[in-house]
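Enquirer: In the working numbering, the protein residues as written are 4 to 182.
Take these hints with a grain of salt, some might be off.
The list that follows gives simulated cross-link-like pairs (lysine to aspartate or glutamate, DMTMM-like), each with its CA atoms no further than 20 Å apart [to be verified]:
{"#": "1", "residue 1": "Lys-95", "residue 2": "Glu-84"}
{"#": "2", "residue 1": "Lys-95", "residue 2": "Glu-20"}
{"#": "3", "residue 1": "Lys-95", "residue 2": "Asp-4"}
{"#": "4", "residue 1": "Lys-95", "residue 2": "Glu-6"}
By construction, these hints were calculated from the structure, which means they are not laboratory data.
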Amino acid sequence: DHEDPRVESFVRRFVHEYQIDIAHIHCVQLLTAAALRALCDSGVPPIVTVHDAWWLSVSQFLFTPQGEVIGPGWAEWAACELAGVDSEQRDKLLTRRLDLMALLGRASRVLAVSESFATVYRAAGLTTIGVNENGVTELPAVPQPRSRQAGAPIVIGFVGGMSAYKGYDLLRAIVRGAS
Numbered sequence: 004d005h006e007d008p009r010v011e012s013f014v015r016r017f018v019h020e021y022q023i024d025i026a027h028i029h030c031v032q033l034l035t036a037a038a039l040r041a042l043c044d045s046g047v048p049p050i051v052t053v054h055d056a057w058w059l060s061v062s063q064f065l066f067t068p069q070g071e072v073i074g075p076g077w078a079e080w081a082a083c084e085l086a087g088v089d090s091e092q093r094d095k096l097l098t099r100r101l102d103l104m105a106l107l108g109r110a111s112r113v114l115a116v117s118e119s120f121a122t123v124y125r126a127a128g129l130t131t132i133g134v135n136e137n138g139v140t141e142l143p144a145v146p147q148p149r150s151r152q153a154g155a156p157i158v159i160g161f162v163g164g165m166s167a168y169k170g171y172d173l174l175r176a177i178v179r180g181a182s
């Protein structure tokens, strides 16, 4: 679900107790939109970074349950989500979508992590979205590289989701191909 009254109540108390001046919200799937609603209602100007399509769809990412990319535009995505559902479920999905888009419209600023996601949000009606590209600037050199013997296997620490849309399948294929 996209709302949680317990989270909303907690955020309202937190804002009151700590006198928050501004808030940055992202990755709210577990907290739900209740955090943004409480901030907006409390007069705290929120900045929202959208990393995916959670605000637009229960599908969250541009993939079908079978792992296929959903078309490049909002219309294909919206149609795919509503295909084959009964009228009650369709009403719930549309209500969720409209509620979340209206809530995003109340944020002080909404930023997407890529121009391609910003395009999807614009097509869905959020024309004021900006872009703050994900990425990394040049990192400083590691001060003390770990010593290892020549020819010893390289150990890779993977921290992230093990999903196709996060690139795990590609990493796994590369590592398996190299061994």
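Enquirer: Any hints this thing doesn't respect? Which numbers, in order?
Expert: Result: hint 2 breaks, nothing else.
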